[in-house]
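K.L.:
Sequence:
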Amino acid sequence: MKSEILQKFNDVKLFLFDLEGCIIPKNIVYSDDEIKKLIDDLKSYCKEYKALNVDFGIVTSSYSDIVNKLKSNKICYILNGSLDKVGLVDQLLKEKNLTFDEVFYIGDDLLDIPLLQKCKLSSSPKDGRREVKRVVTFVTNNESGSVIEEILEYIKQSRKK
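For what it's worth, the working numbering labels the leading residue of the sequence shown as 357, then goes sequentially.
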């Protein structure tokens, strides 16, 4: 990771992830047991992010069962239900008194491009769409389903300096 990109991680206070295609691989149907495991994993990751003094959230246009279960568990910020992801995030930023310069977002699809372009630091999974990879700050080494840990490591690296 380039040092100028790692430096940008220091300014970020809110880390946001698209759900399908970033946190979980696209087009996979989860059983109830797999959803429970996902929720447990996300709880653990949220604790790690909080320990580094940053907030964690999910931005998705989906109303899926997974999203509803995540919302009911109140693990992290869940922004969903609109194709206008910029609008969803803007509302949260106003509540938290933050700006897009303090936000990291990772997305993989065309719908994510407007939000990716607004954030100071943005990324796409290795298997994200080509059009998305053209507009982000960097592309992860990992594919969808494995990016949370990679981003967490970058945060830790940036805080060591």
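Take the hints with a grain of salt, since some may be wrong.
[As the list claims (entries may be wrong)] Straight-line C-alpha distance at most 27 Å; calculated DSSO-like pairs for lysine-lysine:
| no. | residue 1 | residue 2 |
| --- | --- | --- |
| 1 | K476 | K425 |
| 2 | K452 | K430 |
| 3 | K427 | K450 |
| 4 | K382 | K452 |
| 5 | K512 | K403 |
[To be verified] Derived CB-CB ranges, DEER-like:
| no. | residue 1 | residue 2 | range |
| --- | --- | --- | --- |
| 6 | S359 | S428 | 23 to 29 Å |
| 7 | E506 | K430 | 21 to 27 Å |
| 8 | D367 | E506 | 16 to 22 Å |
| 9 | N383 | K358 | 40 to 46 Å |
| 10 | I384 | S359 | 22 to 28 Å |
| 11 | E506 | K406 | 16 to 22 Å |
| 12 | N453 | R490 | 19 to 25 Å |
| 13 | S502 | L439 | 36 to 42 Å |
| 14 | N409 | V385 | 20 to 26 Å |
| 15 | K425 | R490 | 32 to 38 Å |
| 16 | K489 | I384 | 29 to 35 Å |
| 17 | E509 | I391 | 23 to 29 Å |
What the hints contain is simulated information worked out from the structure, not anything from laboratory work. Every value quoted in this text rests on a predicted model; they were computed, and no experiment measured them. Don't be surprised by glycine CBs; every beta carbon is placed ideally from N, CA and C.
K.L.:
Each hint needs a verdict: does it hold in this structure or not?
P.N.:
Cross-check of the supplied hints:
no., hint, verdict
1, K476 <-> K425, "violated, 30 Å"
2, K452 <-> K430, "holds, 17 Å"
3, K427 <-> K450, "holds, 20 Å"
4, K382 <-> K452, "violated, 30 Å"
5, K512 <-> K403, "holds, 14 Å"
6, S359 <-> S428: 23 to 29 Å, "violated, 41 Å"
7, E506 <-> K430: 21 to 27 Å, "holds, 25 Å"
8, D367 <-> E506: 16 to 22 Å, "holds, 19 Å"
9, N383 <-> K358: 40 to 46 Å, "violated, 32 Å"
10, I384 <-> S359: 22 to 28 Å, "violated, 36 Å"
11, E506 <-> K406: 16 to 22 Å, "holds, 18 Å"
12, N453 <-> R490: 19 to 25 Å, "violated, 32 Å"
13, S502 <-> L439: 36 to 42 Å, "violated, 26 Å"
14, N409 <-> V385: 20 to 26 Å, "violated, 36 Å"
15, K425 <-> R490: 32 to 38 Å, "holds, 34 Å"
16, K489 <-> I384: 29 to 35 Å, "violated, 21 Å"
17, E509 <-> I391: 23 to 29 Å, "holds, 26 Å"
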